[in-house]
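Since the structure of chain P is provided, determine the placement of chain E on it from the hints.
Sequences listed follow chains P and E, in order.
Each residue of the first sequence is one higher than the one before, counting from 1 in our numbering.
Each residue of the second sequence is one higher than the one before, counting from 1 in our numbering.
Think of the hints as simulated: they come from the structure by calculation, not from any bench.
No experiment lies behind these values; they were computed from the predicted model shown.
Among the hints, a few may not be true.
[What the hints assert, rightly or not] Interface residues of chain P toward chain E, partial, derived using beta-carbon atoms under 7 Å:
id: 1; residue: Glu3
id: 2; residue: Cys5
id: 3; residue: Phe6
id: 4; residue: Ala7
id: 5; residue: Arg163
id: 6; residue: Ser166
id: 7; residue: Gly170
id: 8; residue: Pro265
id: 9; residue: Ala281
Glycine included, C-beta positions come from ideal geometry on N, C-alpha and C.
Here is what each chain is made of, one letter per residue.
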Amino acid sequence: MCEFCFAPLEVVYDYERIASEMSRSSIAEGPRSIWRYAPLLPGGEDRVDLGAGMTPLVRAPRLAAELGLRELWLKNDTANPTHSFKDRVVSVALTVARSFGYTTVACASTGNLANAVAAHAAASGLDAYIFIPADLEAGKVVATAIYGPRLIAVKGTYDDVNRLCSEIAGEFEWAFVNVNIRPYYAEGSKSLAFEVVEQLGWQAPDHVIVPIASGSLLTKIKRGLDELVRVGLIDGHSTRISGAQATGCAPVATAFKSGTDHIRPVKPATIAKSLAIGNPADGFYAVRAARETGGAIEDVSDEEVVDGIQLLARTEGIFAETAGGVVIATLRRLCEAGVVRPDERTVALITGDGLKTIEAVTERAHPTMVIPPRLDEFQTQLDLLGEGADA
Amino acid sequence: MSVSVKIPTPLRRVTGGASQVNGAGNTIGELITDLERQFPGMRERLCDETGALRRFVNVFVGDEDIRFLEGLDTVLSDDAQVSIIPAVAGGCGPQTA
Numbered sequence: 001m002c003e004f005c006f007a008p009l010e011v012v013y014d015y016e017r018i019a020s021e022m023s024r025s026s027i028a029e030g031p032r033s034i035w036r037y038a039p040l041l042p043g044g045e046d047r048v049d050l051g052a053g054m055t056p057l058v059r060a061p062r063l064a065a066e067l068g069l070r071e072l073w074l075k076n077d078t079a080n081p082t083h084s085f086k087d088r089v090v091s092v093a094l095t096v097a098r099s100f101g102y103t104t105v106a107c108a109s110t111g112n113l114a115n116a117v118a119a120h121a122a123a124s125g126l127d128a129y130i131f132i133p134a135d136l137e138a139g140k141v142v143a144t145a146i147y148g149p150r151l152i153a154v155k156g157t158y159d160d161v162n163r164l165c166s167e168i169a170g171e172f173e174w175a176f177v178n179v180n181i182r183p184y185y186a187e188g189s190k191s192l193a194f195e196v197v198e199q200l201g202w203q204a205p206d207h208v209i210v211p212i213a214s215g216s217l218l219t220k221i222k223r224g225l226d227e228l229v230r231v232g233l234i235d236g237h238s239t240r241i242s243g244a245q246a247t248g249c250a251p252v253a254t255a256f257k258s259g260t261d262h263i264r265p266v267k268p269a270t271i272a273k274s275l276a277i278g279n280p281a282d283g284f285y286a287v288r289a290a291r292e293t294g295g296a297i298e299d300v301s302d303e304e305v306v307d308g309i310q311l312l313a314r315t316e317g318i319f320a321e322t323a324g325g326v327v328i329a330t331l332r333r334l335c336e337a338g339v340v341r342p343d344e345r346t347v348a349l350i351t352g353d354g355l356k357t358i359e360a361v362t363e364r365a366h367p368t369m370v371i372p373p374r375l376d377e378f379q380t381q382l383d384l385l386g387e388g389a390d391a
Numbered sequence: 001m002s003v004s005v006k007i008p009t010p011l012r013r014v015t016g017g018a019s020q021v022n023g024a025g026n027t028i029g030e031l032i033t034d035l036e037r038q039f040p041g042m043r044e045r046l047c048d049e050t051g052a053l054r055r056f057v058n059v060f061v062g063d064e065d066i067r068f069l070e071g072l073d074t075v076l077s078d079d080a081q082v083s084i085i086p087a088v089a090g091g092c093g094p095q096t097a
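Only chain P is shown next, with the shape it has when bound in the complex (with noise of 0.2 Å):
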């Protein structure tokens, strides 16, 4: 950060030279994962790597005829290593990291963080000190702890953990990839943008529904469509990005809405606990790039999130985590609103796997029948639901 008012420094490019360098053949010519983008990403050869990004990008036509949207797509994002698209900033941070000469990483995490740096590190020798809230989904604790690290219960919210990775992070020489690394560990979500963008045969999209916990992923996303103009890849691009929150910790889309800049910092009550950040270090560049693209950011409630679960589950076959149900939610209250338009070409970013807060949907999702090991008794279940044989 800047020694003098704190605010974010900014990883440079020399883009002349990268466009001189890089073009669509290049990349086609190149790995199958977020790397295939290396020269816009920071970081050596020597990289820590398991294979994040190249996730399916899916069209969407049974999500998009409920909606009403003539093409929606989803990027599909639970699909990456450890289930998230955390493992793309992870990637780079860790290759970062350990170009500096640390030996230790280290985060604040809501959880699907925590699973991305403690595989990493894991997979790439990497000491790794991880610091969540106590009170985080079963299945993320478990996902992070499987793989090793010292992992640091912390009694309070995420802005509590935070604030105290702040503190030991100026006094350890540690990495932590989302204090002290985090300049280079934000530019991995420009992957995302960089894929759609390819993904859809060199095509920027129109509209981008995004989740905001810190806001970095929005911002990212416009200056990875922005470099891929910057570098020749696309003629040029107005895309809208809209912003996604829980109404129970939306900070960022209040700000929105209000009109101002200003980001007032909220007490997180919501289930979405992956976007639960109270106080958005980067909430000022979202509302920022929401505004400047012509876009909007949305909150929803609860049971719109495990609706909106449900809703892409039934429709389109992904089981999204809470962070993917907000964006479905909102995405559905856009197009009602008519901010999504319906001859859009809209891209939704489902950025985390269900199966890590089934807690979310357990009320919602269970056995239609539990019956004997009987044909008899099944029939007359299926009779009931009139699903039988006659029905």
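Chain E alone, transformed into the frame defined by chain P:
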């Protein structure tokens, strides 16, 4: 009112390396005035040209962010522990298409 103030690493250059200092004031605003008196240059590190707290500076009284309290008007008690902690953003530079 005398309170203890935790200083983050980037600000220790201003405090001569001290990680903890004492300051006086009935409110956070008065405390910053006193810190500026003791450690010239402190105010401009914490506040912008309008006098408001900088966007990426968080000030806590105990465990509470002063943005949840009365901001710079937050009243201090004698045993208060004040912490200055930078917010850490990823940033989105001036890059334009």
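A quick look at each hint next to the structure:
1. Glu3: holds, 5 Å
2. Cys5: Holds. Min distance 5 Å.
3. Phe6: Hint on phenylalanine 6(P): holds, closest Cβ of chain E at ~4 Å, below 7 Å.
4. Ala7: Holds: closest Cβ of chain E sits about 5 Å from alanine 7(P), inside 7 Å.
5. Arg163: For arginine 163(P), the interface hint holds, since the closest Cβ of chain E sits about 6 Å away, which is under 7 Å.
6. Ser166: holds, 5 Å
7. Gly170: This interface hint holds because 4 Å falls under the 7 Å limit.
8. Pro265: holds, 5 Å
9. Ala281: Holds, because the Cβ-Cβ distance from alanine 281(P) to chain E comes to roughly 4 Å (cut-off 7 Å).
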